[in-house]
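These protein sequence lines map, in sequence, to chains X and Y.
The opening position of the first sequence corresponds to residue 1 in our numbering, with each subsequent residue numbered one higher.
The opening position of the second sequence corresponds to residue 258 in our numbering, with each subsequent residue numbered one higher.
What the hints contain is simulated information worked out from the structure, not anything from laboratory work.
Treat the hints with caution; some may be incorrect.
Covered stretches of chain Y, as calculated for chain X (at least 3 residues, CB under 8 Å) [as the list claims (entries may be wrong)]:
1. 488 to 494
2. 503 to 513
3. 543 to 551
For every residue, glycine included, the Cβ atom is placed at its ideal position computed from N, Cα and C.
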Amino acid sequence: MLKVEDLRFRYSPRGPLVLDGVDLQLQPGQIGIVLGRNGSGKSTLFKTILGIQKPLSGKVLFEGQDLHAMTRRERARIAAYVPQDIRFGDLTVFDSVLLGRISYFGMRAGADDIAAVEQILQEMDLSDFAARSVEKLSGGERQKIAIARAMAQDPRLMVFDEPTGNLDMANELLILQEAKRLAREKNIAILCSLHDLNQALQLGDRFFFMKQGRVKYACDAQDITEELIRDVYGVAVKIIQAENRKIIIGGDLNENK
Amino acid sequence: MQPTKKRKKESAFIALLAVLVLAMSFVCLFVGSSHMGLADGLRALAKQSSPANIRIIWNIRIPRVLAAVIAGAGLSVSGLVMQTTLNNAMASPSTLGVSNAAVFGANLSIIAFAGGFLSTGNNLSSYMVGANPFATSLMAFVFAALSILLILALCRVRAFSPNVVVLAGIAMGSVWTAATTILQFYATDVGLSAAVIWSFGDLGRATYRTDAIMLAVVLAGAVLFSCMAWRLNALLGGQAAAGAMGVNVELLRFVCLLAASVITAVCVSFLGVIGFVGIICPHVTKKLLGQDHRVTVPVSLLGGCRLLLLADTFSRSLGSGSALPVGAITSLLGAPFFLAIIFSGKENRPC
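So here's chain X without its partners, still in its complex pose:
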């Protein structure tokens, strides 16, 4: 289980707290969606959980182990990251995925690492792309390679920072389905930020609404209400039920005034 306790972070000693006591919990195999307005601290929260940034105070425990007390390599074998801005450099797909094994091999990839990458590429239907340059792939394919690279770390926790940001509808669906498959089949805890609330409802098991550097609401889908969304986003919306699903419709900034 992922347990974040009272996490605080600021970028400069005199700057404001970007994370002001974040608490959240996520079970293995669950998908937790982190939501909130731009600047509410979602990306900062992810980078702090992953140890890319050092927190001011607070703890990040995974299955009882303090992630921040581990070495970088130990941490990379537990938690993987699919960043918002996906870049690889001009490498082949195979080598890009093999990069995810750095925390295992150090200087030279071994037979185990090669086998692990081959298996991931096969599972994700990417074998035919192995020798191609990542630079020549489409946005959706690159996103998939980024997920494959994260999978190569053999993680038990995956963090996705706005994975569908620049994708078309078909690629969005492809990535969300891939995330769901990983959570269900591999029992990986997934923490993901999304802006589209309907997409979030479609994918998530738990929802963490951030406001002013804190998780103000941690709830399941059935607890998401129009009032909650108005409080977090300052927007009036309507929630309807259709085909056994909650659907959030539109929004009016003026209604909130």
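Given the coordinates of chain X, assemble chain Y onto it according to the supplied hints.
For chain Y alone, coordinates are given in the frame of chain X:
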């Protein structure tokens, strides 16, 4: 499933390049202003020719060719590592202001300590003592090292953020250039011309001793960068992604910047400023072979050797009796080729 075909092609290319460098080094031994024929040159190489020819081959051309190979490799690979580490296509071996600092050190040695100041007069004997090449090189290296340490210490405060490093390098470079200008303003004609001539890159200053020192530093750097190849590949994906994969980005940046700058400092201190090698070779390599550092590190090393050998041979063939500055020739030869490579691509690859 592994791209083995690609790997084999890359290995073959590296081997071919290595053979080409060896062949070029050999051929370059027989080109020069003395117009020694090939047969005479081969006899001199076997120490069977006249003492003058033997001296030309063994005391002038071999150290010079070795210097071209070593400095070309060092400057080129330093440029590559700087560009990756700082995520900046315009980064070069001198991004930390190393060359400017070395030029200031050499100017100080030549102008201030060799009687090159107006106030001390033109004392030629004092000038000759102070212009001892080792004293000048040592002074150049001391200031280059000082500049590296100062910038790296400053940049540590901002965790070696690439933009901070580049801007700090530009600022520090400007300080050294300004100090050099002031120094030159008060120099005598003799001091000034000696200082300006020093700043032209010249492989003719190389000796076996300087080659051995450069070789030790460049070799250590090449081994280090080869060991770091996967980490440098990870850095191509951005700081956050590399960090999440277990790479200590701050330490990697520090080590790479330090090693690349020390290589540059040693080469510039012994040979003067040789520009462009550190930009053109890495870019051509990346354009042709992609960005995998397992390939780009050895290819940049060999490409640098080739460019500097070619430029030096060209400079020795053009001048009548004396060689033209090799730094100018690298730019003259390299720039058109570089432009052709840039504009021949169908797409924009990342740098």
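Results for each hint:
no.: 1; hint: 488 to 494; verdict: holds (count 5)
no.: 2; hint: 503 to 513; verdict: holds (count 3)
no.: 3; hint: 543 to 551; verdict: holds (count 4)
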